[in-house]
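Given chain A's structure and the hints, the job is docking chains B, C and D onto it.
Protein chains: 4
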Amino acid sequence: MRLGFIGLGAMGRPMAVNLLRANYPVKVWARNQTVVQALVEEGAESVASARELADVDVLFSMLSDDTAVRDLLLDGGILAGMRRESIHVNMATVSLRFARELASAHAERGIGYVAAPVLGRTDVAAAGKLNILAAGADDAIGRVQPLLDILGQRTWHFGTLPERANAVKIAANFSIACALEAMGESFALVRAQGIDAANFLDLLVNTLFAGAPVYKGYGAMIAQQRFEPAGFKLPLGLKDVQLAMQAAEEAHLPLPFASILRDNLLDAIAQGDAELDWSAVAKVAARRGGLT
Amino acid sequence: MRLGFIGLGAMGRPMAVNLLRANYPVKVWARNQTVVQALVEEGAESVASARELADVDVLFSMLSDDTAVRDLLLDGGILAGMRRESIHVNMATVSLRFARELASAHAERGIGYVAAPVLGRTDVAAAGKLNILAAGADDAIGRVQPLLDILGQRTWHFGTLPERANAVKIAANFSIACALEAMGESFALVRAQGIDAANFLDLLVNTLFAGAPVYKGYGAMIAQQRFEPAGFKLPLGLKDVQLAMQAAEEAHLPLPFASILRDNLLDAIAQGDAELDWSAVAKVAARRGGLT
Amino acid sequence: MRLGFIGLGAMGRPMAVNLLRANYPVKVWARNQTVVQALVEEGAESVASARELADVDVLFSMLSDDTAVRDLLLDGGILAGMRRESIHVNMATVSLRFARELASAHAERGIGYVAAPVLGRTDVAAAGKLNILAAGADDAIGRVQPLLDILGQRTWHFGTLPERANAVKIAANFSIACALEAMGESFALVRAQGIDAANFLDLLVNTLFAGAPVYKGYGAMIAQQRFEPAGFKLPLGLKDVQLAMQAAEEAHLPLPFASILRDNLLDAIAQGDAELDWSAVAKVAARRGGLT
Amino acid sequence: MRLGFIGLGAMGRPMAVNLLRANYPVKVWARNQTVVQALVEEGAESVASARELADVDVLFSMLSDDTAVRDLLLDGGILAGMRRESIHVNMATVSLRFARELASAHAERGIGYVAAPVLGRTDVAAAGKLNILAAGADDAIGRVQPLLDILGQRTWHFGTLPERANAVKIAANFSIACALEAMGESFALVRAQGIDAANFLDLLVNTLFAGAPVYKGYGAMIAQQRFEPAGFKLPLGLKDVQLAMQAAEEAHLPLPFASILRDNLLDAIAQGDAELDWSAVAKVAARRGGLT
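Taken in sequence, the protein lines are chains A, B, C and D.
Going by the working numbering, the first sequence opens with residue 11, and the numbers climb by one from there.
Going by the working numbering, the second sequence opens with residue 11, and the numbers climb by one from there.
Going by the working numbering, the third sequence opens with residue 11, and the numbers climb by one from there.
Going by the working numbering, the fourth sequence opens with residue 11, and the numbers climb by one from there.
Among the hints, erroneous ones may be present.
Identical chains blur together in the list; that is why a pair holds if it fits in one copy or across any two.
[Said to hold, decoys possible] Calculated lysine-lysine pairs in the DSBU-like style (CA-CA distance at most 35 Å, straight line):
1. Lys-249 with Lys-226
2. Lys-139 with Lys-249
3. Lys-139 with Lys-243
FYI, nobody ran anything at the bench for these hints, they're computed from the structure.
Quick caveat: nothing in here was measured; it's all calculated off a predicted structure.
Same shape as in the complex, but just chain A (with noise of 0.2 Å):
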């Protein structure tokens, strides 16, 4: 079985190594040699471009966003070029809107389709542990679970409608949204009381909230108000709430909490913390309560 894979960022380019180091044959392509030159060195077989990956049995993408989708895989010829049976991993976050349009395209053409975005951070890439939400026809998962596997810890099926693990990846980001900025709010409120945030943290994280990843990890960074280095940045946050916003726009489903979130976000960044991680949201409720 050859393996492409696209989109060699801080969270593909784990990836790749884990399926080289199953040794699975990886065709790879990025505008970035050096990037290219270290998976070579992991056994890797460098295409001269972009769409000679389409000459493979699996393709892996994992780019940042819809735009970097379409330029490569629909207006760059890469889906043009792969063979009827062959299949597609898209695991990148992309819109609803677009990933139906995705669905279309491969069915068009016969390609098999699978979005597969992920939970975990580069780490979590690296160690093979993802959470992999994946959607798309059966017998194409089927062909592709033991790849999946290879990169995540389990994979989680949401049915065979392509659009909707993107639906549940949004839904998830925007629900550690939701956690951050209740935790910026409820830290504020402790603190104008004169106690120390990361006392109320630890309270959190043994009750009520024991054990959850997204509390005790963000609560850290806000309690501690160290937002960097930054794992995601408050851009990239914005853009995850504004997916939730248009995909719930689509159904006429208004998101209150996302609309804070939203309008926090833009706040921070007009503050000047683009650069920060995007649990920084949590500086706006303290900032606008006067504490420093």
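Chains B, C and D alone, transformed into the frame defined by chain A:
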């Protein structure tokens, strides 16, 4: 050490029972004689009037709100009858403003005062596994700690100013409320895409929010849209969100998530859901999006 | 017809003067003797204590809030001293809850009660051009109408339940507050595009909102970012928005614009703008967008 | 001076008629031949394809949105066919981003470009009494000013950058939307107290908002809960609020009132009110409070 207990509702009763079973003498009083009688059968001493509860070493109160505490403790004369050096352990969720007034009222009379609101519902109280949020003078807390150890699995200390324990309790309940709304919105988002909310919840409680009792317990209620029997009714949730808003207001702190919650809880009550569990705030997000 | 007037602040003083200049005998009382003396020079009779104001046919009060009315009228004994058939015209902006309590307290004593809050600032009061929002028993209003005609250009009648006049006043002030925030946001929006807010305002007040005093008056303040001298300070604006929220809460009515206003007014106060006019809430929108 | 007119909807038709009645030769094109025929009877020249409209001195377009403008002017080839020195007067409400793209596209081709969105509905257009918000190069505006004077009662100038006229239009519509929601909430507030909304409106439009067409016109619709026939349907209102949010987003400007409006407009559409006038957003406030 002679104890008294007032506020023998669903939470207070099992707590008083636990103190009795640890062989402490406990005086009790309640308007409802059935409740009193049940405790007398556990070994409690029934007193003829609330004022007679003043004649103890440590008085516990587990009343519903500011008004109940004011009526019984201040206006009802219990505090006036307590001896210097005796201690009042107030486990109610009260407003910050009233919390400070109570602290002063005790200090003026030389009565020890420990604010000790709790996390946990009736079953947790019965099991003696509450999490107790305590604040007050070190010696007062020290003297009642063996009693708190009977009632709870752990006591969290928040310093010597009693109102801080109330602030933490208010912020903790606000954190729960935020999670309820976050789930209400994100579940509506996935449902609008044809995805079963239970499948999405299954993902959340095994990944991002793994282990968190709030997500697990309330999440199941929201996913199944089963809001009865009510563990904590909607109007009580509204009251607690308002306590957060009042506490924040003193510090001139905007809490936009709290504002959304207040509006949505009012909406839910206006639609006739006042008897449901406060997690039924999730119905608002669904209904506003036309989901049934 | 012998009159009394209490609440001789910036609004009450010129109103009392207008009654005096219409040749009515007016008893006055205030803590501030300079204020009293100025009115005595206009012909008022100074009484030694607030209680002595009870001995009149019609008592006007123009006090600042619930607390001031309660302290003087109820707890201070004025109402207790008034004769049956005498009338109290309460021009304060009070909460609905207290408005109802006042109506009952007067009814129990057989004292006529007219709620008559006003629209208009100091200069309008001085010119006798206030708009008076009146509610109460028809005969009581009928008897004081000639007096109201001295104070205002027009009396608007809202039925026989006095609290309805207060509800209308609260809703009217809330309408103003909404216009302030709407201008704050829309002016920030055009400023962010390099457009002079004054030019945009010029359009609004000559087209969509032509003639509207609220847009014209406050619009100029916001466009010029000139929030001093304060006609109505920010914390008073916050109080009035909260009166709207409380009135709505009784009816389980969410008011999302009010929630935004409350949060933004708190934000403004937290940034140190409590001494500015409440139109300075517009600074919040600009600051959050990074506009200086 | 030979004119062209495209976008012959409810607004465009009477505008084209006014130009014809002022004895200008006007070429027209539309998919709907009934519309074209009616204008031919007024003296217009019908052309066989949209592209043929390029052969004029001044082309007016009054299209519905970005997409319609893009399809006809850019992709449809009209712009490509226009002569250097000819002028395009674009009266559509378009997004800021697209407004800038259009300005560039015209500049590259040496075609004059005036952005001239309008305030006013169909009847105002028919009366030649629109308020025209114009921006563009001085000489271009100067040349078309006599034509604008036929269409409108007044032209408001917002400088030489065409997109600024669009920004003003977007902000103006946002101001209207804010007034709709403000009325929706304040009317619900008085109705909940048993007060007739019409009486409250009567006060507003004779005092605080005296003369303002927005309050007077929409206020009557909201007070009477009469939202048909729709002058401007809910989904169009949603589109315009989103244009404001997009424009603000570029500048990282939170617009919390816009967020509320977006959520409430979605709510209204989800409840089945998409065919009603956008003032029906006021139904949301009433329904959420349980008012029928």
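35 Å Cα threshold - placement of Lys-226 relative to Lys-249: both (24 Å within a copy, 28 Å between copies)
Up to 35 Å CA-CA - Lys-243 versus Lys-139, copy category: within (22 Å within a copy, 40 Å between copies)
35 Å Cα threshold - placement of Lys-249 relative to Lys-139: within (25 Å within a copy, 42 Å between copies)
Consistency with the previously given hints is maintained throughout, with no hint failing.
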